[in-house]
Structures are given as structure tokens and as C-alpha cells.
Amino acid sequence: MEDWWTTEDDKAFKEKTKLMKEQVESYLYIDIEEQKEYHINPELTMGENLADLGGISLSLQAMNSVLEKENKSTDEVKLNQRVFFKSFANIWKENIKKETLINQLTTNPHSPGHFRANLVHNMAEFYTVFDISETDRMYLPPSRRLRMW
Numbered sequence: 013m014e015d016w017w018t019t020e021d022d023k024a025f026k027e028k029t030k031l032m033k034e035q036v037e038s039y040l041y042i043d044i045e046e047q048k049e050y051h052i053n054p055e056l057t058m059g060e061n062l063a064d065l066g067g068i069s070l071s072l073q074a075m076n077s078v079l080e081k082e083n084k085s086t087d088e089v090k091l092n093q094r095v096f097f098k099s100f101a102n103i104w105k106e107n108i109k110k111e112t113l114i115n116q117l118t119t120n121p122h123s124p125g126h127f128r129a130n131l132v133h134n135m136a137e138f139y140t141v142f143d144i145s146e147t148d149r150m151y152l153p154p155s156r157r158l159r160m161w
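Going by our numbering, the first residue of the sequence shown is number 13, and it counts up by one from there.
Keep in mind that the hints are not guaranteed to be accurate.
[Stated by the list, open to error] Computed spacing ranges between beta-carbons, pair by pair:
(1) Ala74 <-> Gln47: 44 to 50 Å
(2) Tyr151 <-> Glu111: 40 to 46 Å
(3) Asn107 <-> Gln47: 21 to 27 Å
(4) Thr119 <-> Thr147: 33 to 39 Å
(5) Trp16 <-> Ala63: 46 to 52 Å
(6) Val78 <-> Thr147: 30 to 36 Å
Note that these hints are calculated values from the structure, not bench results. Backbone N, C-alpha and C fix where the C-beta goes; we use that ideal spot for every residue, glycine too.
Using the sequences provided together with the hints, build the complete structure.
Here you go:
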């Protein structure tokens, strides 16, 4: 197979996967009954996590491009972005049994819905439209944010 990536491409991608791995490793599910901790497997879920973030990023860029072409006001853009982020979060709502979640954490290449929904904390627009600050739980320092495209 032809390797078409430059050395810079490879280095940049490895940095992105490093940031994603750090975010994945910070996710923790604690089974209080069993007094046991469970983590997402970062290697197993890496491709899907990067795809989720890449997809949401490109979708937001596409929406912003349309809003710009339609000469929408700043307030209209922010409103549309709020709806966009809320809609993205809504698609990941789930009612999942403990056993199913534990199985997903250890065997599924897809991260749990609430982790996938929270990938938006990598996007600058999310901070702007929801007025997220350093004191908020969703805050992720800029140096730890992953920008796919």
C-alpha cells in the first residue's frame, strides 16, 4: 500500500491520537456495588472517537458556511449553533443497563453515548454559545482540545 502521508502528516495525526487517548483515559465508570472501576479502551475506540469528532466538526463547518452565505446575524448563528450542539447531544441519549455498559466499555469499538456527546468540548464554538468558562465541568483547557480539521 502506498504511504501518501508526509512526515508532518504522521506527526500531526499522532499528536491528535495522543490527545484523544488522554480524553478517553479520563473517562471512568465506577460500579459502586462491586467497588470496581471501568475505563473505555482507547485503542479499541480510537477510530470511532476520531470519526465522531471529525464528523461533528465538518458538520458544524458546513452549517456555518451556509449561515454565512445567507448573511445571518451573529445572534442567528449562535442560536443555530446552540440547536446544533443540543441536537448532537440528544442523539446519544440512552438508558443502558450496568452490565451492558460494562460490556461496551471493554469490547465495543464505540464509546458510550455520553462520552460521544461530550466530544463537543473540543470545539471552540461550544464554549462561545454556552458561555463555558474554566470553572465549568465541561471546560477543557485549549492545550488539551483536539481539532480534527
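Checking against the hints above, which ones are violated?
-> 2, 5
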